[in-house]
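> Here's the letter readout for the chains.
There are 2 protein chains.
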Amino acid sequence: MYSQPVSKLNDAAIKLLEGKNLLYIGTINRDGTPQITPVWVDTDGTHVLVNTAIGRVKQKNVTRDPRVTLAINTPTDFYDVGLIRGRVVEQVTGPQADKHIDKLAKKYIGKDVYPWRNEKEKRVILKILPERVLSK
Amino acid sequence: MYSQPVSKLNDAAIKLLEGKNLLYIGTINRDGTPQITPVWVDTDGTHVLVNTAIGRVKQKNVTRDPRVTLAINTPTDFYDVGLIRGRVVEQVTGPQADKHIDKLAKKYIGKDVYPWRNEKEKRVILKILPERVLSK
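Same order as they appear, the protein sequences are chains A and B.
Residue numbers for the first sequence follow my numbering, beginning at 39 and rising by one.
Residue numbers for the second sequence follow my numbering, beginning at 39 and rising by one.
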């Protein structure tokens, strides 16, 4: 089902990340269990970029332990799956994170501005560096 | 996005599990990171039923630590997501597991018999009892 694993994003994984596909991000809860949540995603070609808010469980989890496991598939061909292991190497807040959530809103729901913005929340980009990538 | 969590499978979760949808199962690797793999799934109405083979990483993981996190969505509406936390309460091998993988093959690929059966592998049903279910 899969090709040999590679240590960075390959074309198949980039295509999945650039597509309008949900990413499942797995982080490690304090009690050792996995947290899995569906998120919007894109990529700069090297990192997987996820946008969340400071204080959410997954953000607290990756601050404590940056190791993450990612899974993504396309709605149209659900055997076209990408499985990525890596770690959060940087967390970016401020205007860059705010612009990034708007970019994701455009991609996923066609809106120029993320409509569920809450002034009390501080957006953050989780920059994930892949270490092991499995794809078709 | 979600209704209040409940402690057992509700109608929305059962519909997702009965549909031709991929389940992501998150287990705990020996090094503490999550393993996430896409699998076929069905349900008996109480348990989530996953079929794997003895010796696979996820089967070894749940034997060491039965706590699992599950995520499922439909290809047609990917905001229709179910998130389930629970534990593997039983592992069933033998004829029942062999029949179950054939049933899943019928559901997912329309074959009466699972075509990738390997005589050296021993199929096993992971019976997962949900403890916390989040759905639409």
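Watch out, some of these pointers could steer you wrong.
If chains are identical, the list can't say which one is meant, so a pair holds when it fits in one copy or spans any two.
Said to hold, decoys possible - As a list, the in silico PhoX-like pairs of lysine-lysine whose alpha-carbon atoms are at most 25 Å apart:
{"no.": "1", "residue 1": "K46", "residue 2": "K160"}
{"no.": "2", "residue 1": "K174", "residue 2": "K145"}
{"no.": "3", "residue 1": "K98", "residue 2": "K149"}
{"no.": "4", "residue 1": "K53", "residue 2": "K145"}
{"no.": "5", "residue 1": "K160", "residue 2": "K137"}
{"no.": "6", "residue 1": "K58", "residue 2": "K174"}
{"no.": "7", "residue 1": "K160", "residue 2": "K53"}
{"no.": "8", "residue 1": "K158", "residue 2": "K58"}
{"no.": "9", "residue 1": "K53", "residue 2": "K98"}
{"no.": "10", "residue 1": "K158", "residue 2": "K53"}
{"no.": "11", "residue 1": "K158", "residue 2": "K46"}
{"no.": "12", "residue 1": "K46", "residue 2": "K149"}
{"no.": "13", "residue 1": "K174", "residue 2": "K137"}
{"no.": "14", "residue 1": "K149", "residue 2": "K174"}
{"no.": "15", "residue 1": "K174", "residue 2": "K144"}
{"no.": "16", "residue 1": "K46", "residue 2": "K141"}
No lab work stands behind these hints: they were computed from the structure.
> All hints, please: hold or fail.
Hint by hint, here is what the structure shows:
no.	hint	result
1	K46 - K160	neither (29 Å within a copy, 34 Å between copies)
2	K174 - K145	both (24 Å within a copy, 22 Å between copies)
3	K98 - K149	neither (28 Å within a copy, 45 Å between copies)
4	K53 - K145	within (14 Å within a copy, 28 Å between copies)
5	K160 - K137	within (12 Å within a copy, 51 Å between copies)
6	K58 - K174	both (18 Å within a copy, 20 Å between copies)
7	K160 - K53	neither (29 Å within a copy, 36 Å between copies)
8	K158 - K58	neither (28 Å within a copy, 40 Å between copies)
9	K53 - K98	neither (29 Å within a copy, 32 Å between copies)
10	K158 - K53	neither (34 Å within a copy, 36 Å between copies)
11	K158 - K46	neither (36 Å within a copy, 33 Å between copies)
12	K46 - K149	neither (31 Å within a copy, 36 Å between copies)
13	K174 - K137	neither (32 Å within a copy, 28 Å between copies)
14	K149 - K174	between (31 Å within a copy, 22 Å between copies)
15	K174 - K144	between (28 Å within a copy, 23 Å between copies)
16	K46 - K141	within (24 Å within a copy, 37 Å between copies)
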